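Protein chains: 2
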Amino acid sequence: MSLHRFSIVRPLLVLLIGYLLATVTGSALASENSHSALNPVTATARAAERLFPSGTRNVVLSSAADNDSIALAQALATKLSGALLLTESPHALGTATAHALRTLTIPKVTTSDTVLPFQAAAGKPHVYIVGDNKLIDTAVAEHLRSRGYQVTRLSGHGPALVRDVMQRVAPPMPSAATTAGFPDRWTVYAGNPSHNSAYRVPASAPDWEKEGVSWRFAQDAAVPLHAPFPELKIRGPRRAPVAMTQNLGEAVGVTAVNGVIYAESDDSHLYALDAKSGALLWKTSALANTLMANPIVANNLVYVAAGDTGFPFSQVLKYARSQGRAPLTRGLQYSAVYAFNATTGRLVWRHDFRGEAMPTPVYYRHTVYEATGGGRLWALDAATGKVKWKTPLHGFDSMSSANIYVNPKTHVAEILVGTTDKNHVIAVNAANGTVLWTQKTPLKIFNTGMGDNSPTVDQDRGIVVQDSVVDFDRKAHTTNLAIYAMDAQHGKILWTRKLGVGHVPPAYKAGLALIHAGIVYVGSPVTSTIYALNETNGEILWRFHIQHAGPAGAGRGNPVYAYGVLWLAAGPKLYALDPKTGRELGDYKPGGRFGIVNPVIVGGTMYLDNSYDWVQAVALKKIYPSLQIMSNNAVRAQSH
Amino acid sequence: MSLHRFSIVRPLLVLLIGYLLATVTGSALASENSHSALNPVTATARAAERLFPSGTRNVVLSSAADNDSIALAQALATKLSGALLLTESPHALGTATAHALRTLTIPKVTTSDTVLPFQAAAGKPHVYIVGDNKLIDTAVAEHLRSRGYQVTRLSGHGPALVRDVMQRVAPPMPSAATTAGFPDRWTVYAGNPSHNSAYRVPASAPDWEKEGVSWRFAQDAAVPLHAPFPELKIRGPRRAPVAMTQNLGEAVGVTAVNGVIYAESDDSHLYALDAKSGALLWKTSALANTLMANPIVANNLVYVAAGDTGFPFSQVLKYARSQGRAPLTRGLQYSAVYAFNATTGRLVWRHDFRGEAMPTPVYYRHTVYEATGGGRLWALDAATGKVKWKTPLHGFDSMSSANIYVNPKTHVAEILVGTTDKNHVIAVNAANGTVLWTQKTPLKIFNTGMGDNSPTVDQDRGIVVQDSVVDFDRKAHTTNLAIYAMDAQHGKILWTRKLGVGHVPPAYKAGLALIHAGIVYVGSPVTSTIYALNETNGEILWRFHIQHAGPAGAGRGNPVYAYGVLWLAAGPKLYALDPKTGRELGDYKPGGRFGIVNPVIVGGTMYLDNSYDWVQAVALKKIYPSLQIMSNNAVRAQSH
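Chains as they are written, first to last, in the numbering used here: chain A, 6 to 645; chain B, 6 to 645.
One thing to keep in mind: the hints can contain errors.
Which copy is meant is left open, because identical chains are indistinguishable; a pair holds if it fits in one copy or across any two.
What the hints assert, rightly or not - Only pairs whose alpha carbons sit at most 27 Å apart, straight line, appear in this in silico DSS-like list of lysine-lysine: (1) K323 - K139; (2) K84 - K113; (3) K445 - K585; (4) K503 - K323; (5) K113 - K391; (6) K129 - K139; (7) K503 - K626; (8) K129 - K84; (9) K323 - K449; (10) K503 - K578.
Honestly, the hints are just simulated from the structure, not real lab data. In this text the structure is predicted, and so the values were computed from the model without any measurement.
When you get a sec, could you build the whole thing from the sequences and use the hints?
What follows is the structure, given as structure tokens:
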């Protein structure tokens with residue numbers, strides 16, 4: 006029975022009866038506190054200690070005297086992956102609960118303050134109190150605060166409490182109707198073939214969209230945003246970023262559709278967050294591998310790709326023995342493309358591959374295209390995951406997310422993808438898997454080369470841009486980044502530009518390009534510099550050097566263009582640049598560090614994920630305070 | 006307030022009042038069932054749907070009218086990683102709960118019945134009803150059963166219910182006092198240097214130990230035991246077992262200490278199970294990588310090793326360019342040795358490495374030794390994880406768990422380990438890290454060779470046995486397995502025996518040896534045969550061929566000797582063999598398939614884990630019904 010039901014006419018009477026009964030039974034229990042007859046307070050405390058042996062970040066505290074709030078509290082605890090504890094009376098935690106709360110502190114497991122990946126930062130849990138101060142007195146909250154706990158009360162009772170808790174546990178899904186200006190689908194890496202993931206919102210959009218919001222969401226393996234680089238001491242400044250990119254947070258950027266931010270994390274989960282508040286709408290259970298792609302959304306399904314970067318020793322030996330001629334299959338662990346219902350998070354289908362499925366798929370006309378570490382391009386039925394066809398790419402795909410170009414005359418759609426070993430860009434007919442052309446440049450491609458980077462497509466001009474590290478100098482340990490523009494119909498090289506020599510960056514070595522209004526904007530982690538090039542001839546128009554990029558370099562994710570400003574996430578910072586000159590207009594350090602992450606701009610907000618396993622919303626004005634967002638009516642970037 | 010508190014004198018009165026109130030408030034709520042004022046039944050149901058978007062294997066059903074049982078039910082739900090739902094009345098689920106229950110069915114996501122790793126088998130959840138039929142009527146349970154749900158009721162009320170639920174949620178930890186015959190620590194791979202993980206129990210041991218128990222425990226990524234090999238269709242019969250060994254279930258066997266079975270799974274968790282019942286005592290949160298070692302236990306700490314098998318592309322290129330001369334570092338993801346409190350599961354320390362930490366550590370005199378994919382042997386303080394010293398091994402360790410030999414004259418302890426590339430067995434002084442000797446046989450070692458296998462040590466005779474694949478024939482794609490015995494003091498080869506030519510097995514290619522009473526028992530996955538060899542000269546005494554081993558071969562885990570019988574886990578089967586002749590005495594197919602798994606025998610029970618992500622106890626009599634367990638007093642295998 007409950008103290009606080011939803012009739013508002015009799016709470017006081019019920020409260021009185023309930024309180025008296027609780028007091029009587031509570032005192033009667035003290036003597037029965039043996040293992041064979043624990044009271045629920047003690048039982049819950051013991052269960053929490055056993056269930057969270059190394060502590061927890063979140064504890065939900067509920068009154069033992071109110072079943073309604075217990076039911077709500079357990080839902081919140083499940084949501085927060087935290088422990089439920091019960092108070093013995095409105096005025097006291099009780100011995101067992103106090104003991105459990107101490108035990109649930111996350112232990113410090115290193116002698117230094119080193120942050121360890123996949124290990125929550127040491128400290129006391131955040132305590133959520135469910136119920137008003139009649140159920141759990143203010144003094145209890147104050148006592149906890151005085152002991153150094155962060156305390157949040159979800160107050161009220163009856164319907165108000167239900168509303169408050171449910172708002173956190175199962176917040177309503179945003180809809181297209183309430184989130185005007187958000188794209189309604191996301192069919193290629195970075196939202197559209199030119200990689201301009203920026204969406205103006207109409208005048209009818211809600212104020213939060215226009216003005217911008219700021220929030221942070223910690224995913225499962227999140228390390229503190231202000232912490233130094235995890236594992237720096239163990240792997241060193243060059244190798245720690247590699248491990249982080251491939252195993253900790255997000256390798257690439259988020260997806261924004263109909264007011265939802267979708268993010269694929271290396272912690273093996275897909276997250277759906279409310280774009281306005283950052284609240285978790287749903288997350289999947291752990292999938293089969295790390296998730297390094299940009300979620301693709303179409304027709305209310307989210308497509309997610311899972312894969313890893315490794316080679317088995319047998320492939321190492323085979324490759325060495327063949328002097329680099331034997332074909333390689335990348336990916337050791339289970340690899341798959343998953344389709345989830347975009348609204349409910351329910352798994353709809355899954356297709357497994359031999360060889361990793363790291364790159365982002367392309368959605369086009371009820372088909373999902375995925376290039377794999379097994380060296381094939383797969384065409385899957387978007388509704389069922391059934392194979393339509395597969396085509397050998399004559400090289401394995403590392404992280405080259407495919408792109409699409411539709412020939413305006415013939416209406417033939419090309420799926421474009423880069424491969425490693427052999428290194429080339431290949432165009433495949435989306436309808437039937439026929440190879441249309443293969444471009445292997447005469448450049449001296451190095452390392453994962455063309456297979457790491459996603460081509461950028463200018464649909465209007467019929468131009469494809471790709472870049473790759475080239476000209477490796479073994480002695481100096483330097484390389485160059487070459488960018489080349491191809492004719493989208495035949496793959497003919499239109500121009501090539503080498504961007505500059507520098508130390509070989511670890512891990513992902515290329516920069517994603519944005520094409521906007523006749524200019525190619527691209528970064529080079531070799532030189533930690535952003536370049537603007539004339540799309541017609543490759544002439545360098547300006548350079549912007551990223552300060553303090555460190556030995557991993559910066560400049561991997563593509564910039565985006567919005568409101569007459571070029572926006573960029575590079576190293577630990579966000580930048581606003583003048584697209585005409587490269588002059589810095591503003592910057593902001595939101596915490597953490599960015600991998601191949603492109604900003605996603607909707608209205609006045611930039612959405613990002615990072616290598617520290619967080620998703621963030623940053624109001625554009627934090628980066629560029631004097632920004633003027635021109636009012637307009639729904640000028641939105643195109644997507645297929 | 007509760008219907009059933011613990012005083013036994015007033016339940017009927019309270020029940021009556023409670024029931025009336027529940028009825029009144031329940032009916033009052035129906036009209037308020039909008040999003041802004043959900044009742045707890047509906048709120049809990051909606052939360053469950055949102056929290057388990059792709060269903061769950063377990064649902065815990067509790068009465069909305071009893072706060073005590075809700076508190077217990079939520080603890081059980083957390084334990085089972087399942088959803089909590091509430092009944093609207095004793096007689097009905099209510100609309101919202103019925104809807105949620107349907108939604109919580111795990112969807113079928115393939116068009117075939119293919120079992121997918123890291124994806125629960127499709128179907129309805131198991132429903133646990135918490136409370137007696139006054140809280141949830143028998144008709145509700147019957148209704149659920151008629152709809153195809155498996156239903157388990159945890160009945161009783163008050164203290165009896167608490168006891169019943171707590172027995173599942175936080176079962177008492179077994180102690181050395183109640184589990185006579187179990188070893189009290191586990192210091193090397195397979196329990197002792199000779200790899201004879203068999204423990205007789207004294208006459209004073211409880212009956213269940215002597216007679217043997219049988220149970221099964223499904224870990225987080227468990228696939229159905231009766232299912233065909235997962236991923237067979239995608240990777241083929243040779244490659245599917247490789248992925249499974251390295252990414253799905255347990256690569257090697259379990260640890261049995263003081264009545265607890267510890268198992269490290271590739272699903273990234275360490276599990277502690279009750280040896281008598283198979284109940285989960287605790288499990289860790291997800292660690293940083295796959296766990297392929299045999300847990301080491303000493304002084305109430307459990308040492309766990311996390312690492313993966315991959316190489317980055319840069320290592321592939323470097324190795325090819327150097328024509329196999331460049332040193333390799335294995336392991337891409339985060340790698341660490343963890344120490345957990347053996348009783349509570351609490352993390353005590355963690356030490357991270359560059360290069361994987363797949364092999365099992367050795368515990369000796371307050372020091373934990375770990376050989377890594379970074380090619381070093383590390384000596385860590387067992388209490389704190391602080392580095393005492395590290396020594397280069399001049400080759401990387403793949404899966405070669407170290408072993409120990411103590412010179413009876415000098416009392417110098419040697420840590421023995423095999424490495425790959427370069428291939429050798431190396432002995433390091435446990436006190437200071439000095440290399441004592443290195444044995445690189447003149448044999449033509451192949452693939453991961455000596456770095457995959459753990460040396461076996463005969464402490465009494467001062468002999469070390471190691472084996473490796475040799476003589477790879479590229480055209481025939483065949484290899485041989487060579488076993489060699491070394492003098493433990495100097496590493497001098499005493500004898501070598503090639504066990505026979507066969508197809509190259511995928512993945513782990515060696516067999517772990519057992520030394521018992523002057524005989525070496527070892528399997529070869531090359532020939533899928535178990536051999537008995539004279540320890541003095543390597544003469545083959547008998548052979549036992551494992552039928553239907555399939556293209557992956559069988560014979561990786563070491564046999565164990567107990568009660569005059571040789572016990573073996575190979576392929577899908579458990580065998581009892583006559584150790585004198587190799588004649589089969591009995592076999593049993595417990596479901597699933599075994600990797601490098603050695604049986605662990607305590608009294609009348611064999612404890613195992615498998616590639617399907619299950620832990621199992623099998624009474625020895627199931628394997629060999631006419632077994633006579635000789636009564637004796639605590640003749641226990643030695644461990645350091």
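Hints and how they fare:
1. K323 - K139: neither (71 Å within a copy, 68 Å between copies)
2. K84 - K113: both (25 Å within a copy, 25 Å between copies)
3. K445 - K585: Neither. Shortest intra-copy (32 Å) and inter-copy (65 Å) distances fail the 27 Å Cα cut-off.
4. K503 - K323: between (33 Å within a copy, 25 Å between copies)
5. K113 - K391: Between copies, since 14 Å is at most 27 Å while 48 Å is not.
6. K129 - K139: within (25 Å within a copy, 40 Å between copies)
7. K503 - K626: Answer is neither; intra-copy 35 Å and inter-copy 73 Å both fail.
8. K129 - K84: both (19 Å within a copy, 22 Å between copies)
9. K323 - K449: Both: 23 Å inside a chain and 17 Å across chains, each within 27 Å.
10. K503 - K578: The answer is within: 26 Å in one copy meets 27 Å, while 61 Å across copies does not.
The structure does not agree with the numbered hints 1, 3, 7 stated previously, though it agrees with the rest.
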